[in-house]
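Trainee: Residue numbers (the working numbering), protein chains in the order written: chain A, 161 to 404; chain B, 118 to 411.
Hints may contain errors.
Stated by the list, open to error - Which residues of chain B face chain A? A partial, calculated answer using Cβ under 7 Å:
{"id": "1", "residue": "Glu173"}
{"id": "2", "residue": "Lys196"}
{"id": "3", "residue": "Arg197"}
{"id": "4", "residue": "Ala206"}
{"id": "5", "residue": "Phe209"}
{"id": "6", "residue": "Gly211"}
{"id": "7", "residue": "Leu212"}
{"id": "8", "residue": "Asn216"}
{"id": "9", "residue": "Leu224"}
{"id": "10", "residue": "Lys225"}
{"id": "11", "residue": "Ser296"}
{"id": "12", "residue": "Gly300"}
{"id": "13", "residue": "Thr385"}
Read the hints as simulated data drawn from the structure, not as lab findings.
Treat the numbers as computed from the prediction; the structure is a model and nothing was measured.
Backbone N, C-alpha and C fix where the C-beta goes; we use that ideal spot for every residue, glycine too.
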Amino acid sequence: MSALGQTLAVLRLFWAQERSAFQFLLFNAFAMPAFVAYLGLMLAGGSLEAQRWWMAGSITLGLGMGGLAQVGFAVLTDRFLGRLDLLRSSPVSKLAYYTAHVSLAVIESLALVLVALALLTALGIAAPGPGGVAAGMLAALCAGSAIGGLGAALAFGARDFDAGNTAVAIAAIGFAVASPVFYEITALPWALRPVAWLSPFTHIAPLLRAVIAGAPIPGGALAATLGLALALNTISYRLARWQE
Amino acid sequence: MSSEPPIVCEGVGYDYPDGTRANQGIDLVLARGELFCLLGPNGAGKTTLIRQITTELRPTSGRIRVAGRDAHADPVATKRRLGVIPQSASLFEGLSVENHLRLFGPLKHLSREQTRERLAFVLRECELEPLRTKRVRTLSGGQRRKVLVALALLADPEILILDEPSVGLDPVARRALWSTIEGQRAAGKTILLTTHYMDEAERLADRIGFIGEGRMTRVGTLKSLYAQLGKSVRVTELDAGDGSPLASHFFDELAQAQRFVRERGLETYAVGRVSLEDIYLRLMGRGLSAPDPS
Numbered sequence: 161m162s163a164l165g166q167t168l169a170v171l172r173l174f175w176a177q178e179r180s181a182f183q184f185l186l187f188n189a190f191a192m193p194a195f196v197a198y199l200g201l202m203l204a205g206g207s208l209e210a211q212r213w214w215m216a217g218s219i220t221l222g223l224g225m226g227g228l229a230q231v232g233f234a235v236l237t238d239r240f241l242g243r244l245d246l247l248r249s250s251p252v253s254k255l256a257y258y259t260a261h262v263s264l265a266v267i268e269s270l271a272l273v274l275v276a277l278a279l280l281t282a283l284g285i286a287a288p289g290p291g292g293v294a295a296g297m298l299a300a301l302c303a304g305s306a307i308g309g310l311g312a313a314l315a316f317g318a319r320d321f322d323a324g325n326t327a328v329a330i331a332a333i334g335f336a337v338a339s340p341v342f343y344e345i346t347a348l349p350w351a352l353r354p355v356a357w358l359s360p361f362t363h364i365a366p367l368l369r370a371v372i373a374g375a376p377i378p379g380g381a382l383a384a385t386l387g388l389a390l391a392l393n394t395i396s397y398r399l400a401r402w403q404e
Numbered sequence: 118m119s120s121e122p123p124i125v126c127e128g129v130g131y132d133y134p135d136g137t138r139a140n141q142g143i144d145l146v147l148a149r150g151e152l153f154c155l156l157g158p159n160g161a162g163k164t165t166l167i168r169q170i171t172t173e174l175r176p177t178s179g180r181i182r183v184a185g186r187d188a189h190a191d192p193v194a195t196k197r198r199l200g201v202i203p204q205s206a207s208l209f210e211g212l213s214v215e216n217h218l219r220l221f222g223p224l225k226h227l228s229r230e231q232t233r234e235r236l237a238f239v240l241r242e243c244e245l246e247p248l249r250t251k252r253v254r255t256l257s258g259g260q261r262r263k264v265l266v267a268l269a270l271l272a273d274p275e276i277l278i279l280d281e282p283s284v285g286l287d288p289v290a291r292r293a294l295w296s297t298i299e300g301q302r303a304a305g306k307t308i309l310l311t312t313h314y315m316d317e318a319e320r321l322a323d324r325i326g327f328i329g330e331g332r333m334t335r336v337g338t339l340k341s342l343y344a345q346l347g348k349s350v351r352v353t354e355l356d357a358g359d360g361s362p363l364a365s366h367f368f369d370e371l372a373q374a375q376r377f378v379r380e381r382g383l384e385t386y387a388v389g390r391v392s393l394e395d396i397y398l399r400l401m402g403r404g405l406s407a408p409d410p411s
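Just chain B, with the same shape it has in the complex (with noise of 0.2 Å):
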């Protein structure tokens, strides 16, 4: 195992023949066993980085490092490293759950015995048990995503890149994903994860990287990045007459909300703790901005 760190991005860009920038500069180190969010709107990047991490794209500037080693330079050993579930994957149809794992064994260099001993462990691991007779086109959309998480899993990679894995889940079967990835986590998985999800991000993530218009603007902890924001209450003002939000301002305190209600005679509002989606929409320019009265 490499002492380098297991990701590393140093000034990763690209450009599309046409002049397209897609995404620029980018600077990213994950620390082994770590679980790194990418956070970002539709189109800001996050699954251009992820296929260059991948090795689907070559970067037009800048390099990738895996587990030590060029990414590009022998993209079939990079992704040896990696257990990958890619946003627009889908399975064969006429395939069961068990016979996906089995014929994808010997597709990621694993023996016949290796192939028995974590097809065994997948299964109980992402709790396929009860369908590995299935045929997938019977699969619900939730029970899919748990076949392509177990394929990600199935040869034991020291790094996870999971590309908006949880989309299309109900609540339940978000949550039994949540659990399955901290379990690869606390295993010691180096894990990268895109979502739009931000009770997942803060949920699962040890760090936080928003990304937008193809440049990565902040990375931190949670705790940092609420730090950075300086403000711990929020109080949104709702229109009368439906509910809908209008406006929101963040204070340091409770009793300078409460100060700020009273002083503009609110009388729909509400207040609450500052959120990471409250971090996200100001990084992203899309808050509901208003004159901040502190």
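The following block holds chain A by itself, in its conformation from the complex (with noise of 0.2 Å):
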């Protein structure tokens, strides 16, 4: 079986048990942005931009917290809980394990952003074409790679189940406030935006203010957010023991 059918069985397998997670998620992912989204629309007191403005930091935040709780937690229920000695006696490759499992944050990312985008065309916020939604794509697809690989790397380098618990939970809302999502960067103390930078919540929700405005994708970000889903991905691969 190919290196793609192995992980297709393996996300197929991880759906089948998260279905009612997934389902939980996409939803929250959607609610939040959505009520976060109407708050900063009463805020902003009716500016597009600034509508835009809260509609990409919400849809950040959502796929951000949601991506990096599902795959932490996913991978944390692997490890500590006997499913990783039960699919590891299999011959599942590591590879095709992984990516499944980072999978799972590029789908609900694709997702969001497709059901925002919907959602803001109809409302007349967004009015992206046809170019416009692959760049939204490119821009989930990216995000969610690296919160993929950030939840990994948290769940996989973790001693035990508590601790990992807390890591996970701590990124989710850390990131969120210390990155300058609702923000500008300059807004943050000298000391904390090498933190934001790191951070991949700072670069995707420009990628999606720009999708939203219907402008060209800032290639800065586009690379940072790659950067640091190949950084980020690369130390949990090497995190994750498959064979010791």
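With the hints as a guide, dock the two chains, each given alone in a separate frame, to form the complex.
Mentor: Right, here's the structure in full:
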């Protein structure tokens, strides 16, 4: 069986097991941005630019926090509740197992961005053409990979379930607060700016702002998101123990 | 199918990075169709050896061949030959029994058609037919073990590696498991089993290996192990108050044992046939040692 076939087989297994969790997270990922967006729209006072800003930030938080929790908790459950032992005893490759996990965050990001773009188009806040939708999918793909890599790194690096659980929760909330999603990075104290630059949220937000505004995707943010995705996935793949 | 023995371990050892030695110099050859039982106390190195054979843990010395090939050269290919029940494995709580088997089919490189055929077979073989639509979270410990056995058998592997498969099972479930294992042996499978239950080893094993402090201390058939002990009858002195065992003594025949009891004037004692447990306790240095009077 090919690596892709194996990955899809593992993904089907995860999907079947986590279906209810997926539904919850997809709902959560959509409901939270919608709620924050509603507040934002009220506060922004109707300026289209402000509305787009708030929506991009809300979607960033939705896919970031949702994806981080999804991948992080799934890996932790596998590692510390015995499911990884079962999978490792089957002829499954580490690459297939790992890719399936990160794919969860990518699928969630793609779904969220697609739904959000449709909704914003209906509300007249965004007007992405086919190129804009494609750019949105590219942004979601990069964002999901980076977020999935971060969740997997935290979970594979944890020494036990509780430590991993805490790390994922702190990362989700910490990055949401400390990343310039609803404000400019210049609003942060100097000491926090390096942390903000290392947060995937920081680079995903401008990507989504551009997609919603129908502007070209900023190359710097795209490169940073891709770079983080690559680095985080490399680290977490090395942390994942398949053969000791 | 390779003409080489299904499992060959040559001088296998494992040292942890901190220098702790988990096992060392283990030589083991399993014959085709044999059921080999590995016995030893907790921490003796049984699971380490199992994990080395199933390619999860790379030996720091020696080599392992599975079905004629270096086990660690291509772990996925090795695992395709194996059906494994890992000691600490757990199932996916949200999946039904049938969905487990259906979804693990492709992971074990089975086609859809093969999965359908094997699924029907293992459900029957493991007596899971009445539970096929039940979710794992509603199953008892014994029923979950049956699902793990079914998963191990799903791809019809030529070698089964069962790491303490009967732990925590009630007597009825244990016997059902034994019957499944015996069925697999009758079908020609090679089986490596670890257990803490001596009656399980006595009932199932063609050969038994004792592992202690990371070394294989003794290997043989039940008969040859009894012969090595050289005695056939055991007298256990018991505490007159609570009936707990105080010391064991071994004899060639019953008459010697009876004479010993008379001469010592023992009032509370038990006489029995020497068991695998006696051999185990002697080998592990935990026997109720007393000077052998014979």
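Trainee: Which hint numbers does the structure go against, in order from smallest to largest?
Mentor: 11, 12 and 13
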